[in-house]
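Protein chains: 2
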Amino acid sequence: MAKQTPRTLSGFMELLPAPQRQMERIMEILRETYSLYGFTPLDTPVIESSEVLLAKGGGETEKQIYRFQKGDADLSLRFDLTVPLAKYVALHYNDLAFPFRRFQIGKVYRGERAQRGRFREFYQADIDVIGDGKLSILNEAEIPAIIYRTFSALGLKRFRIRVNNRKILNGFYASLGLSGKAGDIMRTVDKLEKIGPEKVRDILTGDFALCPEHAQEIIDFISITGDSGAVLSALEARRGRNEIFDQGVDELKTVVQYLGGFGVPAENFAVDLTIARGLDYYTGTVYETVLLDHPEIGSVCSGGRYDNLAEYYTDKQLPGVGISIGLTRLFYVLGEQGMLDPELPTAPADVLILPMTEDLSEAIALATELRDNGIRAQLHCEEKKFKQKISYADKLGIPYVIFLGEDEIRAGVVACKDLATGEQTKLDPKATIYRIKAGLDARNRGTVIRE
Amino acid sequence: MAKQTPRTLSGFMELLPAPQRQMERIMEILRETYSLYGFTPLDTPVIESSEVLLAKGGGETEKQIYRFQKGDADLSLRFDLTVPLAKYVALHYNDLAFPFRRFQIGKVYRGERAQRGRFREFYQADIDVIGDGKLSILNEAEIPAIIYRTFSALGLKRFRIRVNNRKILNGFYASLGLSGKAGDIMRTVDKLEKIGPEKVRDILTGDFALCPEHAQEIIDFISITGDSGAVLSALEARRGRNEIFDQGVDELKTVVQYLGGFGVPAENFAVDLTIARGLDYYTGTVYETVLLDHPEIGSVCSGGRYDNLAEYYTDKQLPGVGISIGLTRLFYVLGEQGMLDPELPTAPADVLILPMTEDLSEAIALATELRDNGIRAQLHCEEKKFKQKISYADKLGIPYVIFLGEDEIRAGVVACKDLATGEQTKLDPKATIYRIKAGLDARNRGTVIRE
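Chains as they are written, first to last, in the numbering used here: chain A, 1 to 451; chain B, 1 to 451.
In short, the hints are calculated from the structure, not lab data. Fair warning: there could be bad hints in the mix.
If several chains are the same, the list does not tell them apart, and a pair holds so long as it fits within one copy or across any two.
[Stated by the list, open to error] DMTMM-like, lysine to aspartate or glutamate: derived pairs with alpha carbons at most 25 Å apart: (1) Lys134 with Glu369; (2) Lys63 with Glu311; (3) Lys389 with Glu236; (4) Lys437 with Glu32; (5) Lys56 with Asp220.
All values reported here derive from a predicted model rather than from experimental measurement.
Kindly generate the complete structure, drawing on both the sequences and the hints.
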């Protein structure tokens with residue numbers, strides 16, 4: 001028969017079993033952590049009607065969308081999890097209790113130009129809190145705590161959550177009469193570190209025709225750095241510009257004030273006035289998260305507060321705050337950087353049982369007992385040489401091998417070998433289970449990521 | 001602004017939070033149970049190149065496939081998890097260790113005619129064991145054990161795993177010289193219960209032009225019922241028809257023999273000679289699983305042994321055995337039948353904290369302590385009346401509400417109310433955590449499904 005060469009599309013991540021287990025572990029940690037904060041899991045369809053999904057229309061994303069006809073239907077694959085959430089909340093509004101806290105970990109699709117580290121199918125891991133009409137600032141203060149607990153549980157230490165408030169930026173530029181140019185200006189001052197203040201000043205006074213005083217004021221403002229206390233003091237000193245600016249300062253102070261109680265250490269957190277996160281969508285606190293030793297990656301967890309989740313679907317005012325992790329890209333980068341701990345078990349089983357008798361009944365009973373005790377056990381009954389079976393366990397990283405021959409069965413014991421240490425015990429099944437469990441506990445003590 | 005009416009496509013399941021949590025719990029149980037048997041999780045792309053996905057070509061499925069162009073690429077959404085597995089194993093053959101045991105729980109797509117209970121996007125939950133060249137019969141005996149443990153963990157009791165062996169069927173029909181008509185005959189005798197033996201005989205001798213002796217022999221054969229021992233004895237008595245028949249009997253005997261050791265009770269298992277599971281693909285043991293009180297649903301978990309997983313992609317001989325649960329449909333049916341236990345918690349949080357003070361620091365610290373102890377806690381700081389907050393907890397089924405006012409803070413205690421019993425305690429945080437954990441353990445003791 002003629003064969004079709006098997007291949008996976010470029011831009012689509014397909015992992016081998018060991019890295020897949022690392023990925024699953026990361027997802028498990030995200031699910032657990034998000035759940036601790038009262039977020040409920042959601043799952044929305046990958047396919048939506050194009051008119052619904054693209055209600056907001058246009059923009060950069062539209063070209064990337066996987067859109068197609070099926071029968072009479074004009075369909076599209078979701079390109080993020082936010083639009084489906086907006087649809088969900090508008091559609092099921094009467095069945096939901098607000099504030100509505102949901103997380104979703106799901107695949108999204110963007111037909112980007114294929115290149116190394118860019119994916120067309122990728123997981124996003126999102127959390128959002130949606131209010132009905134209003135939403136307390138407390139939710140904005142809680143988000144960094146969730147990021148902190150999530151990343152810590154993954155094993156990351158050297159990361160920083162950067163926070164800003166869009167009201168401060170909007171108020172500041174409005175006070176200079178520069179609201180219309182704010183977008184362009186922010187994109188320019190974003191390059192401060194890269195091109196230096198002189199160059200920034202030139203662009204501001206040249207390209208954007210700002211007066212030198214305004215340019216200087218902007219550079220001074222954006223140069224405010226230091227620990228959170230210092231930045232807040234500098235902002236305090238600038239109070240009175242306008243109501244929106246002051247409101248932003250109040251909100252930022254509240255967010256910073258509560259962070260300690262939420263357990264976020266000072267070194268994992270910074271107020272950063274350069275963070276804007278796009279222009280229109282966010283209206284309050286905004287977040288970025290950087291790996292301190294890998295700033296080149298950019299933000300690995302971003303989001304912010306918005307005023308109107310579902311304005312394309314409903315008249316209801318639905319403010320919210322949320323963050324998103326680009327999970328597939330993060331996983332790829334962690335792998336590239338050698339940050340995924342190879343010590344953490346990725347084996348499909350904890351124990352490989354090698355029956356040494358014709359009749360498999362005893363081996364089967366033992367496998368069943370192990371499984372009843374939560375131990376992942378695999379029977380290896382294939383026609384292979386003993387050595388091949390051991391190297392199978394080795395290749396998969398299965399930590400324990402159990403041999404069960406006539407002698408052991410008669411004596412009511414099992415021979416259990418720790419493949420890492422070579423240590424072999426002959427104990428009864430109960431004691432063997434105890435030993436294996438202790439060993440597994442020790443092995444599983446690590447984290448997915450090591451720094 | 002003009003609004004787009006939000007809607008979800010018909011044939012696409014989108015659950016509210018409470019049923020979604022039930023669904024998540026089911027998936028968690030599947031993942032855990034499959035893992036106990038040494039299966040490793042896989043995740044393959046939803047989109048594949050059409051030439052790869054449709055290498056086998058044709059058939060009923062092809063019309064249902066979501067197939068579209070994106071740029072120059074001819075793409076299709078996967079319609080099952082078996083073809084992607086075949087591609088995966090062929091593509092990554094050199095990186096895998098055999099036997100390769102994988103599970104995959106993922107969405108698949110079929111553009112079927114939309115009707116109640118039929119889905120166009122649905123989850124399949126598959127496990128497969130793939131051998132390289134050969135695969136021990138032991139794997140075929142283990143599959144019913146996995147089905148049994150999975151369904152038991154979900155809370156099902158009244159189900160039966162029906163097993164047959166295709167070699168027995170093939171051998172039997174070959175011995176009558178009826179291999180060519182075997183497919184048609186099996187589809188007819190399948191209706192035995194419904195239309196009775198007389199009618200079956202008429203069709204066999206009429207439509208298929210069988211001699212009366214052959215027709216009688218077929219009806220006799222297919223009428224063999226009783227417990228596994230009785231059916232096996234009847235098969236023993238028919239030994240010697242041909243090699244393939246005898247081999248099938250041997251295999252079936254082995255499978256039945258080992259089931260006890262695997263912990264499958266006799267009442268959850270039956271040998272059923274009417275089961276064929278399609279015609280070409282399966283070559284050994286085949287499985288169906290029925291809910292005894294809901295036979296109308298048909299099989300909820302099916303599969304079997306096959307000889308050649310990836311023949312369209314590789315010359316390698318890759319025999320395997322696998323089963324698949326149509327999870328979305330099963331979930332839908334369980335819901336329809338009222339079999340999903342409403343008692344099992346579906347709340348997004350275990351505790352709702354209602355701070356009674358302006359300063360939220362103490363409430364935040366308490367929430368953090370609860371979360372550190374694995375308790376899912378939500379702070380409710382919205383501007384709502386006390387009564388509204390309680391009814392929020394009620395609506396979501398959050399079991400505990402904690403009030404934290406000046407008095408409690410001064411006394412170092414928290415007021416914690418069990419909303420189900422109305423019982424309220426004032427204890428220090430540690431004792432409160434202990435009480436909540438005990439209560440949650442009791443609440444979570446149930447299973448997703450109740451019969």
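Lys56 and Asp220: within-copy, between-copy, both or neither at 25 Å Cα: neither (37 Å within a copy, 66 Å between copies)
Intra- versus inter-subunit Cα pairing at 25 Å for Lys389 with Glu236: Neither: 69 Å inside a chain and 35 Å across chains, both beyond 25 Å.
Intra- versus inter-copy proximity for Glu311 and Lys63 (alpha-carbon distance at most 25 Å): within (23 Å within a copy, 38 Å between copies)
Up to 25 Å CA-CA - Glu369 versus Lys134, copy category: Neither, since 54 Å and 27 Å both go past 25 Å.
Within, between, both or neither: Lys437, Glu32 at alpha-carbon 25 Å: both (22 Å within a copy, 16 Å between copies)
Checked against the numbered hints above, the structure breaks hints 1, 3, 5 and satisfies the rest.
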